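Asks: The chain contents come next:
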Amino acid sequence: MLVNLQGPWSPLLGRLAMSQIPYENPILVGTFLLVVALGMAILGAVTYYGKWRYLWREWLTTVDHKKIGIMYILVGLVMLLRGFADAAMIRSQQAMAVGPDSPGYLGALHGYLTPFHFGQIYTAHGVIMILFAATPILVGIMNIIVPLQVGARDMAYPYLNAVGLWLTTAGAALVMTALFIGDFAHAGWFGSLPLNELPYSPGVGVDYWIWAMQLSSVGTTLGGINLIATIVKMRAPGMTWMRLPMFTWASLSANIISLTSFPVLTVSLALLTLDRYLGTHFYTAGMGGNLMLYNDLFWIWGHPEVYFVILPAFGMLSEIIPVFSEKTLFGYTGMVLASFGIAGVSWGVWLHHFFTMGSAPDVNAFYSVSTMLVGIPTGVKVFNWLFTMYRGRLRFDLPMIWACAALFFLLAGGMTGMMNAFTTNDYMVHNSVFVVAHFHLMLLLIVYAIFGAVNFWFPKVFGFKLNERWGKWFFWFFTAGTATVFIPMFTLGFMGMTRRLDYIPYTQWQPLLDAEMAGIVLYSLSAVYLVVQLYVSLRDRALNRVGADPWGTSRSLEWATPSPVPFYNFAYIPHVNARDEWAWRRENGVAQLRHEHYTGIHMPRNTGVPLVLGGLSLGLAFALVWRMWWLAALCLAGIVLLVIMRSFARNTDYTVPPEEVKRVEDAVWAGASVRGADGVRSGAGGLTPAHAPWAPK
Amino acid sequence: MSASASETIDPAQAPLWDRNHHGHDVIGTRTFGFWLYMLSDAMIYAALFASFGVLSHVMNMAGGPMPGDVIRPGYAYGETLALFTSVLAYGYAMAALRRGRAGGVAGGLLGAMVFGAAFLGLVGKDLGDLFALGITPERSGYLSIFFTLVIYHALHIAVGLLWMLVSLVQLAREGFSSNVVYRLVNLKLFWHFQAVVWVFVFVFVYLQGVIA
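Chains as they are written, first to last, in the working numbering: chain A, 1 to 697; chain B, 1 to 212.
None of these hints come from the bench; they were simulated from the model.
Be aware that a few hints might be false.
[Stated by the list, open to error] Quick list of the computed label-pair ranges, beta carbon to beta carbon:
no., chain 1, residue 1, chain 2, residue 2, range
1, A, Met-242, B, Gly-68, 52 to 62 Å
2, B, Ile-151, A, Ile-181, 47 to 57 Å
3, A, Gly-392, B, His-24, 50 to 60 Å
4, B, Leu-189, A, Thr-333, 28 to 38 Å
5, A, Phe-366, B, Gly-107, 48 to 58 Å
6, A, Gln-6, B, Asp-129, 43 to 53 Å
Remember, predicted model here, so these are calculated numbers, not experimental data.
All C-beta atoms, glycine included, are put in the ideal place defined by N, C-alpha and C.
Generate the whole structure from the sequences, applying the supplied hints.
Replies: This is the structure we're talking about:
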């Protein structure tokens with residue numbers, strides 16, 4: 001059954017050998033040393049400050065949806081940095097390797113990256129940015145905000161939530177491992193077939209890619225189940241469907257997409273896995289395989305996936321814009337329908353990723369029209385946001401400027417997307433950097449919404465605002481970088497530049513490629529401002545403490561509990577009376593958070609099982625990549641046994657006594673910060689900021 | 001279904017907090033989540049069946065065995081009987097659960113396990129014979145998806161059997177605790193779902209294969 005491998009294999013180490021460590025590549029060795037130094041510094045700091053116990057008890061074993069969300073976002077940020085480093089290498093290689101006279105370094109004929117290395121970099125860039133940066137950050141924000149918005153004390157399945165986090169983290173760790181042991185896939189983030197088949201890609205790179213995607217896929221599916229169940233089953237009394245905050249609606253539509261589409265990714269990769277490991281013929285070019293089956297299966301997931309990442313971003317914009325327009329969201333029902341319209345259409349457009357495959361004209365026409373259909377609900381959303389701002393009292397705080405810029409990129413990216421939807425046009429620009437610039441603008445719209453949301457909800461989670469001044473520097477440098485990279489890229493696309501070039505023969509493209517490189521420099525500078533913003537905010541946090549409602553004009557339920565949110569979220573489950581519940585309470589003068597008598601609160605207990613499951617999954621994936629069958633069997637048996645053992649656990653939850661709830665709530669009310677039973681500070685700045693426009697005079 | 005901040009509810013009278021919150025229905029929430037899991041598993045099956053449809057063309061047999069050569073209706077018939085009898089036995093277990101009879105539940109589970117194991121045995125014999133004849137997944141695209149689909153379903157049956165074994169132990173240890181009950185309900189959903197999927201396997205793989 002098992003295929004014959006090219007190259008050595010030993011029962012103990014599988015394909016792993018000393019020659020698989022890329023110690024001859026100075027870039028990778030330098031990165032490795034940097035990672036080791038950073039890792040040692042972090043581990044050393046944790047040891048020096050004696051925080052191991054705290055780390056284990058409060059974070060690694062937690063089932064608290066807010067902490068899990070924060071860890072999701074941290075994983076996403078680390079991977080965002082890695083993905084950005086890949087982007088910088090792609091751009092610098094393309095700026096250097098222009099024309100036959102361009103010099104070559106480090107064994108490359110032109111530039112400094114060999115074609116094989118360059119292929120790995122753009123593959124890793126795509127995989128990381130979509131699956132290990134955007135997805136975890138969005139899932140993290142949904143994790144934190146959705147239970148608060150529906151008035152729940154945790155997710156429907158807190159334990160499953162932690163399992164999802166550690167599976168995603170294991171996937172990210174596997175991608176990072178590929179950097180230093182072996183290599184990564186080189187056939188694009190979506191995997192070109194049959195190039196990814198074993199005869200053409202005999203190394204372990206494709207296997208790394210497969211198993212990292214699978215881990216992340218399973219983790220995201222579990223997260224999708226959890227979020228849907230939380231929204232359907234855990235809503236507070238009075239929270240009818242049409243009172244649901246818009247971000248929660250967007251999360252629901254997005255997670256229905258992820259729940260139904262990620263399994264198709266699982267299948268498309270599993271069949272490739274069988275081809276590579278057992279020698280079956282699903283996607284092979286001969287022996288009855290059908291390599292277009294892979295493209296169809298992959299993009300049946302791939303296109304819904306891009307809406308899975310964009311719908312939460314739309315939800316964030318729908319939360320931010322009303323707050324800083326001091327108006328209720330325009331066209332609520334239309335927004336809900338538009339979200340589900342986008343989610344529905346997302347299932348019928350996948351073939352537009354390969355119009356040039358040579359389907360019959362009627363097939364292409366169908367997908368061309370269905371792709372254009374996406375523009376209708378999206379247009380509804382854009383107009384609703386504009387009408388929300390129309391005659392509003394606009395305040396351009398940080399979240400709002402990110403949101404406004406996101407609208408701009410949605411228009412620019414969406415319009416170029418409509419151009420690609422025309423089959424005739426697509427035949428001209430297919431596989432050109434015009435398409436690359438289009439989908440980068442769409443993904444940047446998501447990034448903009450995410451930065452807006454982070455600035456918007458940061459005070460809710462941590463109890464202090466992020467610094468406005470440095471945040472604006474960050475915003476403007478980031479935006480300048482975006483414009484400088486992607487406007488020339490559209491131009492180059494029209495000039496005929498195709499994707500993934502490690503060498504560019506036309507010297508007349510040099511100025512535009514240099515401009516793109518300058519954009520990367522602007523991006524790098526903006527990252528410095530981000531770090532400064534975070535540092536200054538953290539340093540001055542005592543000055544920037546906020547109450548329950550830091551913006552003063554917030555609308556939905558998550559603002560009806562102190563900032564930072566106590567571990568039990570709500571001392572009492574709120575009773576919802578209106579669509580914008582918090583705005584309704586504030587305008588009617590009943591924005592009270594104080595209670596007299598407290599009851600015990602039933603909470604899930606921390607557990608280390610999800611972390612161990614994540615570790616075993618990482619071990620399983622690593623063993624399968626290197627075909628160490630004994631280790632794979634061991635890890636798989638460990639996973640099965642651990643799941644069964646966990647099902648016998650009875651002591652999985654506890655009740656917080658009323659006195660403890662009262663202690664935390666009293667301190668919050670008095671404007672002090674307090675350490676809750678879980679050791680984390682809750683509440684710091686009283687209930688309302690002094691400068692809030694609606695604060696009592 | 002009224003709109004926004006300007007509501008007709010009198011804010012002075014409106015309840016703001018749910019002071020007697022009794023928590024959410026654990027069994028209902030867990031079962032709902034399991035339905036969602038099954039939806040994702042249904043998508044996996046859907047993708048596999050779609051692949052089966054794509055790879056069933058005569059080109060995908062690559063000159064190797066045709067469906068008529070690999071499908072033996074007798075085995076499919078026996079497997080169907082075994083699986084549906086197992087589901088019936090599980091139904092008896094659930095009826096006993098409703099009446100609160102632990103012995104009946106255990107008996108039903110044991111019956112379901114015996115017939116489920118018989119199903120697995122028949123599938124194993126069927127596929128084993130094919131392997132012995134040199135009819136293996138590596139032979140052609142059609143055989144790849146044929147074996148994958150049948151074995152993926154059989155894996156579910158094996159997992160279900162393991163789950164039943166664990167349930168029997170937990171039933172003996174805990175009686176009808178809410179954990180045991182919701183897991184039995186979920187297992188019922190799982191077991192019926194596998195039987196429904198088998199109907200599709202039977203129709204699209206075996207029946208269609210024989211007709212072709």
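Asks: Identify every previously stated hint that the structure contradicts and give their numbers, smallest first.
Replies: 2, 3 and 6
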